[in-house]
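K.L.:
Sequence:
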Amino acid sequence: MKFFIDTADLGEISEAASWGCLAGVTTNPSLYARTGGGLADFEDHMVKIATVCEGLPVSAESTAMTTQEMIADGRRLAALAPNVVVKLPIGSQSLAATHALAAEGVKVNMTLIFSAPQALLAARAGARFVSPFIGRIDDIGYDGIAGLEDIVRAVHNYDYGHEVEIIAASIRSPHHVTQAALMGADIATVPFGALKNCLSHPLTEQGLARFEADWAEVKNA
144 MKFFIDTADL
154 GEISEAASWG
164 CLAGVTTNPS
174 LYARTGGGLA
184 DFEDHMVKIA
194 TVCEGLPVSA
204 ESTAMTTQEM
214 IADGRRLAAL
224 APNVVVKLPI
234 GSQSLAATHA
244 LAAEGVKVNM
254 TLIFSAPQAL
264 LAARAGARFV
274 SPFIGRIDDI
284 GYDGIAGLED
294 IVRAVHNYDY
304 GHEVEIIAAS
314 IRSPHHVTQA
324 ALMGADIATV
334 PFGALKNCLS
344 HPLTEQGLAR
354 FEADWAEVKN
364 A
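In our numbering, each residue carries its 1-based index in the sequence shown increased by 143.
Hints are not guaranteed to be accurate.
What the hints assert, rightly or not - Within a straight-line C-alpha distance of at most 20 Å, the following computed SDA-like cross-link-like pairs (lysine to any residue) qualify:
#, residue 1, residue 2
1, Lys339, Gln322
2, Lys191, Ala221
3, Lys191, Trp162
4, Lys191, Leu165
5, Lys145, Glu292
6, Lys339, Ser157
7, Lys339, Ser161
8, Lys339, Gly350
9, Lys145, Met326
10, Lys191, Gly179
11, Lys145, Ala337
12, Lys191, Ala222
13, Lys145, Val195
14, Lys145, Trp162
15, Lys145, Pro317
It is worth saying that the hints were derived from the structure and are not from the lab.
Please read these numbers as outputs of a predicted model, since none were measured by experiment.
All chains, please: the whole structure from these sequences, using the hints.
P.N.:
Set out below in structure tokens:
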């Protein structure tokens, strides 16, 4: 399973990239808003992310509402850098836009997916990535991991004539990452805080403390 980072923060992206295990970036309007940037800076910011992650897919989300507006927005976003992927929320307007953009060679990440039928429709429309959300399903009292399992099994049953990868999104914890990997999700897109938590384990910390204490004794012998 590949790791994407779910953020628009250039510092977080650069640090995660330095670890050598980053395979892409996903952003959305909420994540961009947290950077403090304005509308006029949005495209420049996406270009900066695409430059830091040269050769890796970077999802930039359109906020257009109609099919034609999404197509125009998608073309504009895709032209920012060769590794920019256009992110669209699932819906009838965006399915039509995805179909048109995919025919032009523009890669689309279809987001806000919560069910297998939504994921299957996105894949059939030409989406390069489909992004089912785990944590938000948990938030309303349902099992996000079980929903992801249904989507992985359903989508991977078929050949779409193009590559389709499933991005496990709305990841909240290392447990979500583990379960997504066990059930065969292609990618997990993880907030920086949750990504750092994946590095932590109490036994690792205990082991490091013991190594340091033992080495201190060696040096003082």
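K.L.:
Hints first: check each against the structure and report whether it holds.
P.N.:
Right, here's what the structure says about each hint:
Restraint check for Lys339 and Gln322: satisfied, since their Cα atoms lie roughly 17 Å apart, inside the 20 Å limit. Between Lys191 and Ala221 the CA atoms are separated by roughly 14 Å; this keeps the pair inside 20 Å, and the hint holds. At roughly 19 Å between alpha-carbon atoms, Lys191 and Trp162 fall within 20 Å of each other, so this suggested pair holds. Taken as a hint, the Lys191 and Leu165 pair is honoured in the structure, with Cα atoms around 16 Å apart against an allowance of 20 Å.
Straight-line distance between C-alpha atoms of Lys145 and Glu292 comes to about 17 Å, which keeps the hinted pair within the 20 Å bound. Our distance criterion of 20 Å between C-alpha atoms is met by Lys339 and Ser157, whose separation comes to about 14 Å. Straight-line distance between C-alpha atoms of Lys339 and Ser161 comes to about 13 Å, which keeps the hinted pair within the 20 Å bound. With a C-alpha separation of about 18 Å, the suggested pairing of Lys339 with Gly350 holds against the 20 Å cut-off.
For the suggested pair Lys145 and Met326, the alpha carbons sit about 13 Å apart, so the restraint of at most 20 Å is met. For the given pair, Lys191 sits about 15 Å from Gly179 by alpha-carbon distance, which is consistent with the 20 Å threshold. Restraint check for Lys145 and Ala337: the C-alpha separation of about 15 Å stays at or below 20 Å, so the hint holds. Note on Lys191 and Ala222: the hinted pairing holds, with a Cα-Cα distance of about 14 Å set against a maximum of 20 Å.
Our distance criterion of 20 Å between C-alpha atoms is met by Lys145 and Val195, whose separation comes to about 18 Å. Straight-line distance between C-alpha atoms of Lys145 and Trp162 comes to about 13 Å, which keeps the hinted pair within the 20 Å bound. The suggested pairing of Lys145 with Pro317 holds, with an alpha-carbon distance near 14 Å, which does not exceed 20 Å.
Violated hints are absent here; each numbered hint is respected by the structure.
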